[in-house]
Every structure is written in structure tokens, then in C-alpha cells.
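Please build the complete structure, drawing on both the sequences and the hints.
1 is the number of the first residue of the sequence shown in our numbering; add one for each residue after it.
Taking CB as the label site, the calculated pair distances span:
#1 S46 x H215: 34 to 40 Å
#2 T271 x E81: 33 to 39 Å
#3 N202 x E6: 36 to 42 Å
#4 E210 x T113: 33 to 39 Å
#5 G259 x A199: 44 to 50 Å
#6 Y51 x H84: 15 to 21 Å
#7 E39 x S264: 38 to 44 Å
#8 D50 x E231: 34 to 40 Å
#9 A9 x P222: 43 to 49 Å
#10 G24 x T143: 19 to 25 Å
#11 D263 x S78: 31 to 37 Å
#12 T244 x Q196: 21 to 27 Å
#13 S48 x D148: 15 to 21 Å
#14 R195 x A267: 41 to 47 Å
The hints are simulated quantities; they were obtained by calculation from the structure and are not laboratory data. C-beta: ideal position from N, C-alpha, C; glycine also.
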Amino acid sequence: MGTSDELAAVLRVWRERLTPQVVGLPANTSRRTKGLRREELAVLASVSADYIVRLEQGRSSAPSVQVCVALAHALQLSDTEQDHLFRLAGHATGGGRISRMVPASIRRLVERTGERPVAVFDAMWNLLLWNPMWAALTGDPSTLRPADRNLLWLHFTGASDCHLYGPDSAEALDASLVGDLRRTAGRYPVDPEPRQLVARLNEASAQFRELWSRHQIDEHGPTIRRVVHSEVGTLDLDCDILTTQRHDLRIMMYTAEPGSESDSKLALLGTIGIQKVSTNLV
Numbered sequence: 001m002g003t004s005d006e007l008a009a010v011l012r013v014w015r016e017r018l019t020p021q022v023v024g025l026p027a028n029t030s031r032r033t034k035g036l037r038r039e040e041l042a043v044l045a046s047v048s049a050d051y052i053v054r055l056e057q058g059r060s061s062a063p064s065v066q067v068c069v070a071l072a073h074a075l076q077l078s079d080t081e082q083d084h085l086f087r088l089a090g091h092a093t094g095g096g097r098i099s100r101m102v103p104a105s106i107r108r109l110v111e112r113t114g115e116r117p118v119a120v121f122d123a124m125w126n127l128l129l130w131n132p133m134w135a136a137l138t139g140d141p142s143t144l145r146p147a148d149r150n151l152l153w154l155h156f157t158g159a160s161d162c163h164l165y166g167p168d169s170a171e172a173l174d175a176s177l178v179g180d181l182r183r184t185a186g187r188y189p190v191d192p193e194p195r196q197l198v199a200r201l202n203e204a205s206a207q208f209r210e211l212w213s214r215h216q217i218d219e220h221g222p223t224i225r226r227v228v229h230s231e232v233g234t235l236d237l238d239c240d241i242l243t244t245q246r247h248d249l250r251i252m253m254y255t256a257e258p259g260s261e262s263d264s265k266l267a268l269l270g271t272i273g274i275q276k277v278s279t280n281l282v
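Set out below in C-alpha cells:
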């Protein structure tokens with residue numbers, strides 16, 4: 001069995017073992033399809049139903065990293081199953097390549113931390129997974145091109161309405177982000193993707209280009225973000241960043257001081273959802 005045939009077969013098996021109730025969809029007693037319908041999986045993974053059909057028929061054998069992450073999340077794959085999916089799709093993480101696999105335990109953490117904005121990034125700050133509160137605070141990442149769901153790209157190009165600022169100075173924060181990316185590029189010298197991101201950023205941002213030329217190494221750590229939200233006003237939030245040892249992922253969470261005005265506004269934001277999100281940083 002070829003790689004595309006194996007990918008097609010295993011996707012069908014994984015889809016058919018899930019029920020609508022398990023993934024939070026309404027059940028229909030007259031269903032004739034075993035497990036989830038292809039259209040339902042497409043909605044859960046934010047891809048087209050036609051693309052799911054082509055994958056399951058072996059007519060599209062190389063889903064992108066972003067699609068693999070979305071499918072793994074939608075299909076509730078175990079870590080071993082995720083690793084198999086990534087390998088079949090040509091995204092094996094061995095040989096010094098950056099991992100984009102989000103372990104099932106990390107997915108559960110994000111899903112169960114519903115009251116606070118939480119997101120998961122890979123080692124070069126590509127956004128892999130987020131909860132609804134993250135989308136409510138920063139804007140819905142699913143509206144962005146997958147290539148643009150990168151923290152540094154959004155920060156240095158101004159493509160996001162939500163930008164970071166640090167407790168010391170804007171330049172210090174910028175330098176820590178650039179130094180962190182250079183550190184990652186050094187840790188994964190055979191992976192071409194950090195170099196490709198650097199090339200894009202060098203072309204798009206003079207500030208990034210100047211900071212990159214300094215050859216400084218840093219590790220981007222906790223920061224402070226101020227957000228002006230059209231519905232709830234100004235929020236002052238603490239940002240904590242956890243790093244996983246095995247897959248080198250960054251888990252970013254925003255919290256407010258308990259009992260503060262920002263804490264109340266963050267709770268209010270959770271009732272608004274992502275439909276009316278419009279954020280700007282000051």
C-alpha cells in the first residue's frame with residue numbers, strides 16, 4: 001500500500017470511529033453514515049468537504065502541517081496516531097526538524113482552560129492551537145492564511161490589531177522575539193523553515209532586519225500586554241509562557257490580577273465570543 005493509500009485508509013478509520021456526540025455535534029437517529037460524515041469532519045478541521053473527499057480517495061497525499069494539526073485535533077488522535085499522520089503526510093520531525101505535533105495532553109489543557117486565553121506555538125512561534133478565549137481577545141486566527149499565523153510575522157508587520165509590549169521598552173521586547181528566533185534557527189540548522197521566515201521578515205520589516213543583524217541570542221519570556229477592546233475597553237494582562245521538553249512547544253496564557261478591573265473585563269469578554277471582536281493595542 002502506497003503512502004497516499006495508507007493516509008486515505010487511516011483517515012477513514014479515524015473518522016468513522018468518532019460519533020457526533022463525542023465531538024459535540026447534534027446526533028441524528030436516522031444517520032446512515034458510520035461515525036462522522038466527511039462534511040462534519042471538514043467543519044471541525046476548518047477545511048473544505050471536497051478536500052476531505054480527495055484525501056480519503058488518495059487524490060491528495062500531502063496535507064500541509066497546518067491541516068495535519070487541524071485534523072489531529074478534530075479526530076482526537078493520540079500522540080502515536082499524530083506521529084503516524086505527520087509521517088504519512090511527509091512532515092516527520094526527525095533529523096533536526098521543528099515539531100508541529102501537539103500532544104493529546106496539551107490539547108486537553110487548551111480545551112479545558114476555557115476562562116483564560118491560551119494558545120500553543122511551535123519553536124519558531126507558528127500558532128498551532130488556540131481556545132475560543134484566545135480568538136475573542138486577539139481576533140480569530142482561522143481568518144488568517146496559515147503562513148501568516150506566526151507571532152513574529154504579526155508583530156513586526158503590524159498585520160494584527162493586537163501587539164505585544166514589554167515592561168521595559170518596545171525595543172527590548174522586539175529584541176527578545178528576534179533573539180529567540182535566532183536561538184531556534186541555531187537549534188534546528190537543517191530545518192529550512194526558520195530561514196524562510198527570516199527571509200520574509202527581513203523583506204517586510206526594517207526593524208526586524210536591524211535586530212536580526214545584531215546576532216543576539218535570547219529566550220522570549222513573560223511579557224505584559226495592554227489591549228483596547230471595542231466591547232470591554234482596556235485590559236492589562238500578564239502573559240506566561242511554558243515550554244514543553246519533548247516537542248519544544250510554547251504554551252502562552254493570559255491572565256489578569258484576581259479581582260481587578262481587567263479580570264472582570266476578561267470574564268465579560270468570555271460571554272461575548274469571537275463574533276464582535278475588535279482589538280487594538282496601546
